[in-house]
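Going by this note's numbering, the sequence shown opens with residue 12, and the numbers climb by one from there.
A few of these clues could be false.
Said to hold, decoys possible - No farther apart than 30 Å at their CA atoms in a straight line, the calculated lysine-lysine pairs in the BS3-like style are these:
#, residue 1, residue 2
1, 88, 120
2, 104, 50
3, 88, 197
4, 97, 124
By construction, these hints were calculated from the structure, which means they are not laboratory data.
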Amino acid sequence: MKRAGALILVLSIVLGTASTVFAKKHDMQYWHTDGITYKIDKDWKVTFGEEGYLNDTASHAWYQELDLGVVYSDIAKWLDVSLNYKYSITEIKNRWFRQDRPHINATLKYTIKGFNISDRNRIEYRIKENAEETWYYRNLLTVKFPFKFTAKEIQPYIADEILVDFDRRQLSENRGYAGFTFKIAKNLSADVYYMKWRVKPASISYSDIVGTRFNYSF
12 MKRAGALILV LSIVLGTAST VFAKKHDMQY WHTDGITYKI DKDWKVTFGE
62 EGYLNDTASH AWYQELDLGV VYSDIAKWLD VSLNYKYSIT EIKNRWFRQD
112 RPHINATLKY TIKGFNISDR NRIEYRIKEN AEETWYYRNL LTVKFPFKFT
162 AKEIQPYIAD EILVDFDRRQ LSENRGYAGF TFKIAKNLSA DVYYMKWRVK
212 PASISYSDIV GTRFNYSF
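From just these sequences and the hints, can you work out the full model?
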């Protein structure tokens, strides 16, 4: 009970702070991800994912992506590296535009007093159909709490991701997460989360995101 109470307090602080910081244009969205992970051997695996976003109170599809990657885990126990290619389409003013996004990732993994911490660093090159090509740096920091509930291994976490636009030399996005992962079956896992998504172009806008992820591994 003490652990559950502490978790509720932490999540309330995180989400409450996010609500006061993000304060202009608002939208409610639903994001969904379906992924497959194929383990070639103990050091190599292939990943494939499909992701879609719905805005206008989760009623209108406006973004879709496919991502294929190769992950290598034998450089060090605390490090995974991957090379990926992402294809995406985005609706802008009733027109769909494509992007090609090759990206390289280095993910640091460590444990502090039972908390599992993942620090993913990504360099992403965006080849845009409707704009100039750009480089982005993305950092996703995830902290999983040191306990699990029930036979489904429900494990809460919090996370924060920043996106830096190298060309504009500014922070372009911030995503704050609170959620939990769990097992559906032996090879099928799931993730349910709530996110505050802050975007900073000329003016600041934000969205409340409810998201789900499913991943099948074999």
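Hint-by-hint comparison with the structure:
{"no.": "1", "hint": "88 / 120", "verdict": "holds (8 Å)"}
{"no.": "2", "hint": "104 / 50", "verdict": "violated (41 Å)"}
{"no.": "3", "hint": "88 / 197", "verdict": "holds (24 Å)"}
{"no.": "4", "hint": "97 / 124", "verdict": "violated (35 Å)"}
Hint compliance for this structure: hints 2, 4 are broken, all remaining hints hold.
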